[in-house]
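Participant: Read off the chains here:
There are 2 protein chains.
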Amino acid sequence: MRTRPLKVALLGCGVVGSEVARIMTTHADDLAARIGAPVELAGVAVRRPSRVREGIPAELITTDATALVKRGDIDVVVEVIGGIEPARTLITTAFEYGASVVSANKALLAQDGAALHAVAEDHDADLYYEAAVAGAIPLIRPLRESLAGDKVNRVLGIVNGTTNFILDAMDSTGAGYQEALDEATALGYAEADPTADVEGFDAAAKTAILAGIAFHTRVRLDDVYREGMTEVTAADFASAKQMGCTIKLLAICERAADGASVTARVHPAMIPLSHPLASVRGAYNAVFVESDAAGQLMFYGPGAGGSPTASAVLGDLVAVCRNRLNGATGPGESAYAALPVSGMGDVVTRYHISLDVADKPGVLAQVATVFAEHGVSIDTVRQQGKDGEASLVVVTHRASDASLSGTVEALRSLDTVRGVASIMRVEGE
Amino acid sequence: MRTRPLKVALLGCGVVGSEVARIMTTHADDLAARIGAPVELAGVAVRRPSRVREGIPAELITTDATALVKRGDIDVVVEVIGGIEPARTLITTAFEYGASVVSANKALLAQDGAALHAVAEDHDADLYYEAAVAGAIPLIRPLRESLAGDKVNRVLGIVNGTTNFILDAMDSTGAGYQEALDEATALGYAEADPTADVEGFDAAAKTAILAGIAFHTRVRLDDVYREGMTEVTAADFASAKQMGCTIKLLAICERAADGASVTARVHPAMIPLSHPLASVRGAYNAVFVESDAAGQLMFYGPGAGGSPTASAVLGDLVAVCRNRLNGATGPGESAYAALPVSGMGDVVTRYHISLDVADKPGVLAQVATVFAEHGVSIDTVRQQGKDGEASLVVVTHRASDASLSGTVEALRSLDTVRGVASIMRVEGE
Numbered sequence: 001m002r003t004r005p006l007k008v009a010l011l012g013c014g015v016v017g018s019e020v021a022r023i024m025t026t027h028a029d030d031l032a033a034r035i036g037a038p039v040e041l042a043g044v045a046v047r048r049p050s051r052v053r054e055g056i057p058a059e060l061i062t063t064d065a066t067a068l069v070k071r072g073d074i075d076v077v078v079e080v081i082g083g084i085e086p087a088r089t090l091i092t093t094a095f096e097y098g099a100s101v102v103s104a105n106k107a108l109l110a111q112d113g114a115a116l117h118a119v120a121e122d123h124d125a126d127l128y129y130e131a132a133v134a135g136a137i138p139l140i141r142p143l144r145e146s147l148a149g150d151k152v153n154r155v156l157g158i159v160n161g162t163t164n165f166i167l168d169a170m171d172s173t174g175a176g177y178q179e180a181l182d183e184a185t186a187l188g189y190a191e192a193d194p195t196a197d198v199e200g201f202d203a204a205a206k207t208a209i210l211a212g213i214a215f216h217t218r219v220r221l222d223d224v225y226r227e228g229m230t231e232v233t234a235a236d237f238a239s240a241k242q243m244g245c246t247i248k249l250l251a252i253c254e255r256a257a258d259g260a261s262v263t264a265r266v267h268p269a270m271i272p273l274s275h276p277l278a279s280v281r282g283a284y285n286a287v288f289v290e291s292d293a294a295g296q297l298m299f300y301g302p303g304a305g306g307s308p309t310a311s312a313v314l315g316d317l318v319a320v321c322r323n324r325l326n327g328a329t330g331p332g333e334s335a336y337a338a339l340p341v342s343g344m345g346d347v348v349t350r351y352h353i354s355l356d357v358a359d360k361p362g363v364l365a366q367v368a369t370v371f372a373e374h375g376v377s378i379d380t381v382r383q384q385g386k387d388g389e390a391s392l393v394v395v396t397h398r399a400s401d402a403s404l405s406g407t408v409e410a411l412r413s414l415d416t417v418r419g420v421a422s423i424m425r426v427e428g429e
Numbered sequence: 001m002r003t004r005p006l007k008v009a010l011l012g013c014g015v016v017g018s019e020v021a022r023i024m025t026t027h028a029d030d031l032a033a034r035i036g037a038p039v040e041l042a043g044v045a046v047r048r049p050s051r052v053r054e055g056i057p058a059e060l061i062t063t064d065a066t067a068l069v070k071r072g073d074i075d076v077v078v079e080v081i082g083g084i085e086p087a088r089t090l091i092t093t094a095f096e097y098g099a100s101v102v103s104a105n106k107a108l109l110a111q112d113g114a115a116l117h118a119v120a121e122d123h124d125a126d127l128y129y130e131a132a133v134a135g136a137i138p139l140i141r142p143l144r145e146s147l148a149g150d151k152v153n154r155v156l157g158i159v160n161g162t163t164n165f166i167l168d169a170m171d172s173t174g175a176g177y178q179e180a181l182d183e184a185t186a187l188g189y190a191e192a193d194p195t196a197d198v199e200g201f202d203a204a205a206k207t208a209i210l211a212g213i214a215f216h217t218r219v220r221l222d223d224v225y226r227e228g229m230t231e232v233t234a235a236d237f238a239s240a241k242q243m244g245c246t247i248k249l250l251a252i253c254e255r256a257a258d259g260a261s262v263t264a265r266v267h268p269a270m271i272p273l274s275h276p277l278a279s280v281r282g283a284y285n286a287v288f289v290e291s292d293a294a295g296q297l298m299f300y301g302p303g304a305g306g307s308p309t310a311s312a313v314l315g316d317l318v319a320v321c322r323n324r325l326n327g328a329t330g331p332g333e334s335a336y337a338a339l340p341v342s343g344m345g346d347v348v349t350r351y352h353i354s355l356d357v358a359d360k361p362g363v364l365a366q367v368a369t370v371f372a373e374h375g376v377s378i379d380t381v382r383q384q385g386k387d388g389e390a391s392l393v394v395v396t397h398r399a400s401d402a403s404l405s406g407t408v409e410a411l412r413s414l415d416t417v418r419g420v421a422s423i424m425r426v427e428g429e
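Protein sequence lines correspond, in order, to chains X and A.
In terms of full-length UniProt numbering, the first sequence opens at residue 1 and continues consecutively.
In terms of full-length UniProt numbering, the second sequence opens at residue 1 and continues consecutively.
Since the hints were derived computationally from the structure, they do not count as laboratory data.
Keep in mind that a hint or two might mislead.
Unchecked claim - Here are the in silico distance ranges between beta carbons for each label pair:
#1 X:Asp122 x A:Thr66: 41 to 51 Å
#2 A:Ala28 x X:Arg154: 33 to 43 Å
#3 X:Asp122 x A:Ala118: 33 to 43 Å
#4 X:Glu409 x A:Asp182: 27 to 37 Å
#5 X:Asp124 x A:Thr3: 54 to 64 Å
#6 A:Thr3 x X:Asp346: 32 to 42 Å
#7 A:Gln242 x X:Arg51: 32 to 42 Å
Said to hold, decoys possible - A few chain X residues that don't get close to chain A, going by computed Cβ distances all over 10 Å:
#8 Glu19
#9 Ala33
#10 Lys70
#11 Glu130
#12 Glu145
#13 Ala148
#14 Thr195
#15 Gly244
#16 Val417
#17 Glu429
Here the structure is a predicted model, which is why all the values come from computation and not from measurement.
Just so you know, even glycine gets a beta-carbon here, dropped at the ideal spot from N, CA and C.
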């Protein structure tokens with residue numbers, strides 16, 4: 001074994017960073033044996049140096065992250081700051097100064113992954129980011145290495161623990177969105193400002209990363225259709241139950257049937273209770289991958305948290321250090337397929353639509369005609385009348401989102417349709 | 001991209017090999033883009049050259065596997081023959097002649113993995129074998145790379161599709177073992193001679209491989225305790241149901257509580273219906289991994305079959321080819337921890353024991369005394385009497401297998417115990 005240690009600079013020492021530092025210290029011998037050389041924590045860049053950081057020698061702490069990555073003797077920079085800047089500049093500088101990078105930064109990778117990969121390649125360095133998607137669950141590595149000889153057609157997953165916790169609570173207790181959110185906040189599963197989670201921004205960033213790797217195509221955050229889950233109601237869960245379904249916020253990356261384009265989207269959807277994703281509880285994550293040869297695979301585990309995320313970071317750290325000792329680099333960006341990313345209108349799926357309609361003869365015929373005119377085939381209709389008002393629940397066969405939108409627009413203009421109570425996609429069948 | 005192709009020799013062209021050849025041909029452009037150089041099928045060694053092999057040029061077919069691996073221009077040998085010989089000699093020769101090896105051979109790796117890794121290392125070559133365990137499910141790579149910075153404490157899984165199909169059928173239809181086996185045979189899920197599957201040999205080989213990688217310790221097939229599932233009865237399933245459990249043939253690798261040793265075993269066990277492994281149906285496989293930092297992860301997918309296994313082989317082929325272009329090798333054997341592998345007596349778990357006893361006063365007291373004398377604490381007892389005979393079902397708290405064996409031996413010598421109807425371990429709690 002080489003005795004000269006590989007030097008690691010840690011940028012950020014919050015929930016994840018402190019766990020990375022702790023494990024690097026307590027498991028130093030194991031890491032050395034697995035890498036083939038010791039790894040040394042050479043510096044830790046933080047914003048608040050006064051905070052006590054157990055187990056990290058005070059002389060390693062610095063507020064000057066730029067100076068740390070510019071030291072010139074750093075082998076690997078571990079970036080767990082998050083956000084776009086200063087992370088982007090620091091990572092770029094790290095490559096320029098000869099280091100490889102391990103990052104957990106989903107927002108940055110979804111926005112600027114291609115540019116960062118290019119800088120890494122220019123400097124013969126590695127950019128690894130298993131921790132950016134679904135915490136501890138090995139997903140990036142299986143997609144870009146284990147399935148490298150296969151053709152992935154679909155990725156369907158729960159990649160945000162906060163929203164899964166809220167939806168699971170709504171499902172099991174009958175609570176409304178706000179009540180379930182309050183519980184999640186009280187228990188520490190939701191942040192004080194939950195926007196990034198509940199509006200699907202976090203899941204959309206992960207979806208862009210997954211789609212890019214799965215389809216060997218650049219998919220940016222802007223390419224991902226995004227719909228949050230703040231408008232999911234207890235009534236939607238009741239409707240889902242009647243269909244033998246539950247509701248999950250899903251990340252879906254799909255290759256079109258003709259293989260010539262791909263789509264990426266995040267939105268709440270009904271899935272059958274028999275689908276393995278339906279039983280993913282609490283803050284857990286799970287991702288289904290469908291490919292030509294392997295068939296259906298599922299990966300399940302904790303999608304967030306200090307320790308699980310640190311596990312993913314350290315797995316990457318070991319790989320990057322081994323590559324460095326080998327004088328090699330691991331797989332970089334693979335975007336050779338360069339498939340066009342279609343918009344939501346081209347997505348084909350099923351829909352569950354609740355309409356408030358006048359309770360009089362001929363309404364169903366009118367509604368059915370609108371669906372037919374837009375080429376959307378109806379699977380089932382259920383009508384419930386009460387005091388001159390009625391609700392009509394329509395479940396469609398597979399249709400394009402564009403056709404469905406046209407249908408809904410036309411329905412709204414019917415005198416007999418008082419309102420469209422909810423529209424939800426049905427997935428996983 | 002390099003234009004000179006990497007040359008691949010395929011040993012074996014059965015269900016898996018023919019799929020590997022097919023995908024190498026139909027997806028040649030994708031593989032080239034992902035590897036950075038084209039890959040060329042340079043030869044295919046078979047036993048029966050007369051069989052028509054669609055899509056494989058006749059001039060590539062040979063019956064002389066030894067000559068093929070000795071050609072000297074082969075970059076990667078893909079071994080999908082199975083069994084110990086001639087596979088072992090061919091793989092060793094491949095290394096000696098400068099090739100890296102991708103293998104799906106669980107029996108060989110469980111028996112001679114350490115020796116083969118040593119030869120690979122001597123020749124700076126790779127030995128990859130994702131396909132040897134759980135078919136298409138990425139498991140070897142996540143364990144040896146994604147979790148390389150973590151400490152794995154437990155691997156608990158269903159790694160044999162045939163037995164899971166049989167047990168699932170017994171559970172859902174109430175059929176007995178033989179009837180379910182006959183169905184599995186008729187549907188092609190069980191081989192004409194099902195011994196390797198139903199007696200747990202296949203699962204034991206996979207368990208040895210998983211334990212070795214998980215614990216960075218050499219674990220050979222002989223170190224794995226093995227009990228088949230041919231004696232599981234419909235009555236056992238009825239007992240399991242009463243406990244809110246089902247029965248699975250489980251592969252279990254565990255680090256002892258003190259961390260100083262490990263155990264590896266395969267046997268049927270009851271697991272709670274709430275456990276994710278309980279809902280793994282048909283011939284699917286799934287493996288739970290518990291580690292210090294990541295927590296609980298699960299990997300799920302098809303555990304066998306030509307296409308899924310080919311997917312795993314090709315993922316390895318891409319990785320090995322990339323390493324070759326890089327002039328590097330991937331992670332080799334990691335056995336530095338060298339923990340002792342304890343026997344079954346040291347395993348600590350819970351037990352479900354059915355006794356046929358005389359239906360008279362004092363029997364329960366006698367039985368309970370025997371458990372107490374052997375230090376096995378009882379969780380629940382259920383007694384059902386009928387015509388002077390009674391059955392007594394005892395579920396214990398956690399105890400060592402040695403203590404439990406002592407208890408059962410003592411119970412058999414009691415006059416009032418007519419017989420021990422079944423003993424089954426209870427896992428996954």
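Participant: With reference to the structure, classify each hint as holding or not holding.
Facilitator: Cross-check of the supplied hints:
1. X:Asp122 x A:Thr66: 41 to 51 Å: 45 Å, holds
2. A:Ala28 x X:Arg154: 33 to 43 Å: 23 Å, violated
3. X:Asp122 x A:Ala118: 33 to 43 Å: Hint holds: Cβ distance 38 Å, inside 33 to 43 Å.
4. X:Glu409 x A:Asp182: 27 to 37 Å: 58 Å, violated
5. X:Asp124 x A:Thr3: 54 to 64 Å: Cβ of Asp124 of chain X to Cβ of Thr3 of chain A: about 22 Å, so the range 54 to 64 Å is violated.
6. A:Thr3 x X:Asp346: 32 to 42 Å: 37 Å, holds
7. A:Gln242 x X:Arg51: 32 to 42 Å: 54 Å, violated
8. Glu19: 7 Å, violated
9. Ala33: 4 Å, violated
10. Lys70: Lys70 of chain X is indeed farther than 10 Å from all Cβ atoms of chain A, at 26 Å.
11. Glu130: 6 Å, violated
12. Glu145: 6 Å, violated
13. Ala148: At about 4 Å from chain A, Ala148 of chain X fails to clear the 10 Å cut-off, so the statement is violated.
14. Thr195: 27 Å, holds
15. Gly244: 16 Å, holds
16. Val417: Answer for Val417 of chain X: holds, closest chain A Cβ roughly 41 Å.
17. Glu429: 17 Å, holds
Checked against the numbered hints above, the structure breaks hints 2, 4, 5, 7, 8, 9, 11, 12 and 13 and satisfies the rest.
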